[in-house]
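**Q** Residues per chain are reported as follows:
2 protein chains.
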Amino acid sequence: MSPESGSYHHGDLRAACVRAARELLEEDGSAALSLRAVARRAGVSPTAPYRHYADRDALLSAVAAQGYRELAEHLAAAHPAPTTPEELAAVAIAYVRFALEHPALFRVMFAEPCDPTSEERLAATAAISEYVRGIVRTVFPGADADALSTTVWALVHGLAFLHLDGKLDTSSPEVVADQVGAAVRALFTASPTLSQAAAAHSEQAEK
Amino acid sequence: MSPESGSYHHGDLRAACVRAARELLEEDGSAALSLRAVARRAGVSPTAPYRHYADRDALLSAVAAQGYRELAEHLAAAHPAPTTPEELAAVAIAYVRFALEHPALFRVMFAEPCDPTSEERLAATAAISEYVRGIVRTVFPGADADALSTTVWALVHGLAFLHLDGKLDTSSPEVVADQVGAAVRALFTASPTLSQAAAAHSEQAEK
DNA sequence: CTTACGATGTGTGCACCGTTTACATTAAGG
DNA sequence: CCTTAATGTAAACGGTGCACACATCGTAAG
Numbered sequence: 001m002s003p004e005s006g007s008y009h010h011g012d013l014r015a016a017c018v019r020a021a022r023e024l025l026e027e028d029g030s031a032a033l034s035l036r037a038v039a040r041r042a043g044v045s046p047t048a049p050y051r052h053y054a055d056r057d058a059l060l061s062a063v064a065a066q067g068y069r070e071l072a073e074h075l076a077a078a079h080p081a082p083t084t085p086e087e088l089a090a091v092a093i094a095y096v097r098f099a100l101e102h103p104a105l106f107r108v109m110f111a112e113p114c115d116p117t118s119e120e121r122l123a124a125t126a127a128i129s130e131y132v133r134g135i136v137r138t139v140f141p142g143a144d145a146d147a148l149s150t151t152v153w154a155l156v157h158g159l160a161f162l163h164l165d166g167k168l169d170t171s172s173p174e175v176v177a178d179q180v181g182a183a184v185r186a187l188f189t190a191s192p193t194l195s196q197a198a199a200a201h202s203e204q205a206e207k
Numbered sequence: 001m002s003p004e005s006g007s008y009h010h011g012d013l014r015a016a017c018v019r020a021a022r023e024l025l026e027e028d029g030s031a032a033l034s035l036r037a038v039a040r041r042a043g044v045s046p047t048a049p050y051r052h053y054a055d056r057d058a059l060l061s062a063v064a065a066q067g068y069r070e071l072a073e074h075l076a077a078a079h080p081a082p083t084t085p086e087e088l089a090a091v092a093i094a095y096v097r098f099a100l101e102h103p104a105l106f107r108v109m110f111a112e113p114c115d116p117t118s119e120e121r122l123a124a125t126a127a128i129s130e131y132v133r134g135i136v137r138t139v140f141p142g143a144d145a146d147a148l149s150t151t152v153w154a155l156v157h158g159l160a161f162l163h164l165d166g167k168l169d170t171s172s173p174e175v176v177a178d179q180v181g182a183a184v185r186a187l188f189t190a191s192p193t194l195s196q197a198a199a200a201h202s203e204q205a206e207k
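Keeping their order, the protein sequence lines are chains V and Y.
Note that the first sequence ends on residue 207 in UniProt numbering; no numbers are left out.
Note that the second sequence ends on residue 207 in UniProt numbering; no numbers are left out.
Hint data in this document are derived by calculation from the structure and do not stem from the laboratory.
Please note: incorrect hints may appear among the correct ones.
Here are some chain V residues pointing at chain Y (derived, C-beta under 8 angstroms) [claimed, not checked]:
#1 Leu13
#2 Val44
#3 Ala72
#4 Ala76
#5 Ala77
#6 Arg107
#7 Thr150
#8 Trp153
#9 Leu162
#10 Asp165
#11 Ala182
Calculated pairs, DMTMM-like style, for lysine to aspartate or glutamate (alpha carbon to alpha carbon, straight line, at most 20 angstroms) [as the list claims (entries may be wrong)]:
#12 V/Lys167 <-> Y/Asp178
#13 Y/Lys167 <-> Y/Asp178
#14 Y/Lys167 <-> V/Asp57
Quick caveat: nothing in here was measured; it's all calculated off a predicted structure.
Ideal Cβ positions, reconstructed from N, Cα and C, are used throughout, including at glycine.
Build the full structure now, drawing on both the sequences and the hints.
**A** This is the structure:
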């Protein structure tokens, strides 16, 4: 795929850019990704990436999209098809751990107001959203799947960000895991009342 | 306080900088705040702010700290001393609304990995954390206040960010309010089981 | 009143950044 | 072989954070 270095054409600069970007993000945790630095890392002139990405935002969106895919894999690795609250808690813990293991990437994925009209991004986030909804539907058939999946996603997402910003105890992975687990378990045991609340909400909406 | 313009010295540049920064953040929602733009807005040379702030991060921290204080006021305005789940839900809704009304400021407050060892910042975030903990203790005396306040904060914080990133339905403030309210209510009706889970967690920790 | 001083704002300069514009190289197809 | 479109390069513009030397001014000691 990538021929011996020295050739004028790179071979697959498009992919090499996101790879270089990923490496830079992992190396220095800062989310301040420089297009020029990416170009340098890829061994190419500063403006070469513009042949493949309209602007910095476009590259960032591509990186974010790949991040979403990796996150999805990470979650699936934690448990392919959760059916119990405990298994879903494991997935939640994996979510937060991913954020803590790849802080810069996670920030690029979520904390940047970059172009939301990116086909790749929308597809990737929709996939995750659907994945969560599917789990919730399986584990918790009685409830409003939309509302509940949103709630559990928000809870886990908030835990991830608060940890990322040093607002919570991140001293050891065990502490983090316990906290996330407890929070998710609490949500799930609330199921009957939650579905009741969801029903009340629907009534309110249709009047 | 600020004398007639034309004087060499500004009078209170330190405060003027955060004011200018706030204005710029409100005007264009982008969280990309330029120190030079702040200086221009304050009617001062590009490097003048360095007399009062060590670097860009320091200014951002000051802005973030003020943001925390405003957020605290906003929450207190929603309800000064919540004692019921419904009142706490109102506070939660105010939290998310603040994020949606001041997106750029909210991003500076949370989504920037800026200097976490800022005295002002730490104090401000500690104040909010303590505020939430106090409410939880009042509304829900039986439970582990630390764990539960973290959980409710994370839930609300996650909702705020998902809304900010366009991952959820932000079409009308009512929709947002309903969603946040339902989520918080669900959490609170889970109280007995949550305290039980917290107890189990404590046991686990001390063995 | 004078004078020295410290606090505050200015000007200059450097390295880096994103982006545009014109140009060079090369792979691929008629 | 020659044309063409794709791909990478070079040069340039305006913007940025920041370090340095310099200018201005309130103030307080002599």
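**Q** Which hints, by number, does the structure contradict?
**A** 1, 2, 3, 4, 5, 12
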